[in-house]
Amino acid sequence: MKFEWDITKERVNIRKRGITFEQASYVFPDPFALSKYDDEHSDPEEDRWVLLGNTMNEKN
777 MKFEWDITKE RVNIRKRGIT FEQASYVFPD PFALSKYDDE HSDPEEDRWV LLGNTMNEKN
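Counting from 1 along the sequence shown, just add 776 to a position and that's the residue number in my numbering.
Rather than coming from a laboratory, the hints here were simulated on the basis of the structure. Note that the coordinates shown come from a computational prediction; the quantities given were computed from them, not determined experimentally. The beta-carbon is built from N, C-alpha and C at its ideal position, and this holds for glycine as well. Heads up, a few of these hints could be off.
[Said to hold, decoys possible] Distance ranges between label pairs, derived from CB positions:
no.	residue 1	residue 2	range
1	P820	G794	30 to 40 Å
2	S811	M832	15 to 25 Å
3	E798	L828	12 to 22 Å
4	W781	D819	14 to 24 Å
5	F808	T784	12 to 22 Å
6	E780	P805	12 to 22 Å
7	I790	V826	12 to 22 Å
8	S818	F797	28 to 38 Å
Can you make the complete structure from the sequences, with help from the hints?
Here it is as structure tokens:
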């Protein structure tokens with residue numbers, strides 16, 4: 777799986793959550809991760825999902 781992200785949004789994410797997008801992307805291979813459709817942030821052009829799981833980095 778390949779990921780791309782906006783560097784400006786990543787800087788905001790680091791300040792708000794203390795984690796880079798690269799670190800956050802490590803949750804995708806978690807076989808126990810839970811996903812839920814995000815009605816609040818989805819729109820007709822883009823579906824949004826919330827994914828909750830573990831990563832193997834220092835933010836566990």
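Practice prompt. Against the earlier hints, flag every one the structure doesn't satisfy and list their numbers going up.
Written response: Per hint list: 5, 8 violated.
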